[in-house]
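Please model the entire structure based on the sequences and the hints provided.
Number of protein chains: 2
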Amino acid sequence: MKFLHMLLAVLALIGQSATGGTVATGDLGLVIERASGSVLLVDQSERAVLHRIEGLGDLSHASLVYSPDQRFAFVFGRDGGLTKVDIVQRRIARRVVQAGNSIGGAISDDGTLVAVSNYEPGGVRVFDAETLELVADIPTGSKTVGLVDAPGRRFVFSLWDAGETWIADFTGNDARITRVEGMGANPYDALITGDGRHYIAGLFGEDGLSALDLWAETPQPIRVLAGYGRGETPLPVYKMPHLEGWALTGRDFVLPAVGRHEVLWVDAREFVETGRTNTHGQPVFAMARPDGRQVWVNFAHPLNDTIQVIDTLTRQVVHEFKPGPAALHMEFTPRGHEVWISVRDAGKVMIYDTRTFEKLGEIDAEDPSGIFFTARAHRIGL
Amino acid sequence: MKFLHMLLAVLALIGQSATGGTVATGDLGLVIERASGSVLLVDQSERAVLHRIEGLGDLSHASLVYSPDQRFAFVFGRDGGLTKVDIVQRRIARRVVQAGNSIGGAISDDGTLVAVSNYEPGGVRVFDAETLELVADIPTGSKTVGLVDAPGRRFVFSLWDAGETWIADFTGNDARITRVEGMGANPYDALITGDGRHYIAGLFGEDGLSALDLWAETPQPIRVLAGYGRGETPLPVYKMPHLEGWALTGRDFVLPAVGRHEVLWVDAREFVETGRTNTHGQPVFAMARPDGRQVWVNFAHPLNDTIQVIDTLTRQVVHEFKPGPAALHMEFTPRGHEVWISVRDAGKVMIYDTRTFEKLGEIDAEDPSGIFFTARAHRIGL
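Protein sequence lines, in the order shown, are assigned to chains A and B.
Counted the way this note's numbering counts, the first sequence spans residues 1 to 382.
Counted the way this note's numbering counts, the second sequence spans residues 1 to 382.
One thing to keep in mind: the hints can contain errors.
To be verified - So, partial list: chain A residues that the calculated Cβ filter (under 7 Å) puts toward chain B: (1) Thr-25; (2) Gly-26; (3) Pro-68; (4) Arg-71; (5) Thr-193; (6) Gly-196; (7) Pro-334; (8) Arg-335; (9) Leu-360.
Unchecked claim - Where chain A lies over chain B, by a calculated footprint (3+ residues, C-beta under 8 Å): (10) 108–117; (11) 289–302.
To be verified - Derived CB-CB ranges, DEER-like: (12) A:Lys-239 - B:Gly-194: 28 to 38 Å; (13) B:Arg-176 - A:Thr-131: 32 to 42 Å; (14) B:Glu-120 - A:Ser-36: 34 to 44 Å; (15) B:Ile-92 - A:Asp-353: 27 to 37 Å; (16) B:Lys-359 - A:Glu-130: 17 to 27 Å; (17) A:Arg-176 - B:Ala-136: 48 to 58 Å; (18) B:Asp-353 - A:Asp-353: 39 to 49 Å; (19) A:Pro-325 - B:Val-272: 43 to 53 Å; (20) B:Arg-94 - A:Val-49: 22 to 32 Å; (21) B:Arg-94 - A:Asp-353: 20 to 30 Å; (22) B:His-319 - A:Glu-217: 11 to 21 Å.
Bear in mind the hints are in silico, worked out from the structure with no lab data behind them.
Every residue gets a Cβ at the ideal spot worked out from N, C-alpha and C, and that includes glycine.
Below is the structure:
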């Protein structure tokens, strides 16, 4: 009878957890721990760590995307590892090492395909999101960068060596590739606007950016911001800014300058510069709060202990503070009331109120870098 | 030992079913069943019903908002009922009847406060999202409409009788109310733009709309679109269009005309009309696909069996079809690849591919009206 009692007790417990076979994942997130090859599962509302998941390989320059149900994260490691993390079961679901050296990835709008761009060998590989089986291999003969998803089961990416952008359309049985030549010398990163219409590549080999209108029948490179880039810079470039940091603030984008201590304001319709704001150092990320009223900026080494907040109406710095050494990445809660900041060399993620700038909490993390909240699952290009 | 074996076997079985049966909340949604006072919990990816939750009172004109973790929905019933639905446990967590006749609600950006606007008695009541205990009662002496959340723990709403808009700021211990007079005669509905900056009220008593810039120190009514409204309409107005249907498509908003068989294109910066497109009937909702490339329009009785799709580059109707009688509401998947449409008098929710327009599936529902996907949890003003 003791066994029967035990059985019933266990059944009751498991019954509960099975009913709770739905797990709320809306306010969760993952923090990359770059040195230890692990990710921290965090809870935004509780400002707390839920679990550490280990064994993801080299995460020294890692990013991730989420499945539409916000259950799975696909983590792209520097070593070519593609790891599918189950944040409900809090463990690795699958892992493949798909290339020698990868640089980022994306997930199709329907959540069925995961694409990874690779340096070695150069190209894009596309995997079934369920099984991580290879669906398509797209060699490019070039280091491949700036991979994003676009609406309609498409991926867009650029070729460092060839100066081209390719659009891979997966609406049919096979990938249909559109090659756009003449993007410019050495595209090094790219972004897609939040509406999925414009793909914009930053150039390392010359000044200016190249934009594509993906709504056009035959997208052609449009050169914008001829003065933008490293060609004319009087300062050494400590770190090329991340283009994901191109922040939309109503009428304008805010773009981190290359090598200069400033951010640029760019008209979002015409892609022309409308002004500059001086900053503390060379900006790395310029991130708009989701409502666009503020832009938070972090900086390249050796000035990377500081964050500045710019008001988008006045274009003035309204707040400056030092969260600590190596403030690498910022992530806003989806509606913007709080921001999480990775402070690598303090071994902390700090959490702030974006209105009062008050510090609300912190969590311990091992060399934290990228922070990714699950709300990204519902955004184009993130 | 037999018991132990049995225990292990049962555990293994249950372990399996728990693994297979677990769902995350990122791709779920609720469908209002207006006649039966119930909601259907649905799974976007599976295109399936998970559960019916009953006992929500009069849902004949109901809407809902989600908690930031996407676990709870707060359903605002016509009868003044405020019901907190737990979509993890798949049951009603709490329910209060807070007034005699309510018209909608909102949740604060931090997820802690739920506000309801009421006709009888006129005003707004604010509840603790955890307990549904009353936190603040804001009588207005007027039917109260157009309640939305704004960034910074604020709610904004309008007074039908007084022609005013009030901003209630909950960042302190007590609500701080800012009254804006002179909004115009009989505001009947309102919206807040996706960035939380502009609050725009539709007027029943005169033509034109009133906009407020919530970033201004002292927001003042800005009259826009003087020709828009029912005053000059040559047609009987079968149903005032929903202003939530004001859709941003890159450069322009698309607005359902009042009483006319057309939608209006409005410059999103200047709030001036830039064109019109003829439609099948009087539009009720004009909803932009999340990428803004298409606008889907449904219509007032008796032409409400039809949907039209407008291409936003050409402003032409590119697709028209009849999902069935009383196509009341449309909801896009967050990245826009599919759309769900409530067809009330067919007792179905139909699901379509937004690129091919192919029908992908349908689910049975009792008099379905509003469809609300959990991704709304992460949007300002939804």
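Beta-carbon spacing of Asp-353 (chain B) to Asp-353 (chain A) - inside the hinted bounds 39 to 49 Å or not: holds (42 Å)
Range hint 48 to 58 Å (beta carbons of Arg-176 (chain A) and Ala-136 (chain B)) holds or violated: holds (57 Å)
Hint status (Cβ of Leu-360 (chain A) to nearest Cβ of chain B, threshold 7 Å): Nearest chain B Cβ about 11 Å off; hint violated.
Interface restraint verdict for Pro-334 (chain A) against chain B (beta-carbon cut-off 7 Å): At 3 Å from the nearest chain B Cβ, Pro-334 (chain A) passes the 7 Å test, so the hint holds.
C-beta pair Arg-176 (chain B), Thr-131 (chain A): status relative to the range 32 to 42 Å that was hinted: violated (55 Å)
Cβ contact check, 8 Å cutoff: the segment 289–302 of chain B against chain A, three residues minimum: With 4 residues close enough to chain A, the hint holds.
Range hint 11 to 21 Å (beta carbons of His-319 (chain B) and Glu-217 (chain A)) holds or violated: Since the Cβ atoms of His-319 (chain B) and Glu-217 (chain A) sit about 18 Å apart, the hinted range of 11 to 21 Å holds.
Ile-92 (chain B) versus Asp-353 (chain A) beta-carbon gap, inside 27 to 37 Å or not: holds (33 Å)
Supplied distance hint 28 to 38 Å, evaluated on CB atoms of Lys-239 (chain A) and Gly-194 (chain B): For Gly-194 (chain B) against Lys-239 (chain A), whose Cβ atoms are near 32 Å apart, the range 28 to 38 Å holds.
Agreement of hint Gly-196 (chain A) with chain B interface, Cβ distance less than 7 Å: holds (4 Å)
Pro-68 (chain A) as chain B interface residue, shortest Cβ-Cβ below 7 Å: holds (5 Å)
Satisfaction of the hinted span 22 to 32 Å by the C-beta atoms belonging to Arg-94 (chain B) and Val-49 (chain A): Hint holds: Cβ distance 29 Å, inside 22 to 32 Å.
Figure legend: structure checked against the earlier numbered hints; hints not met, in rising order: 5, 9, 13 and 14.
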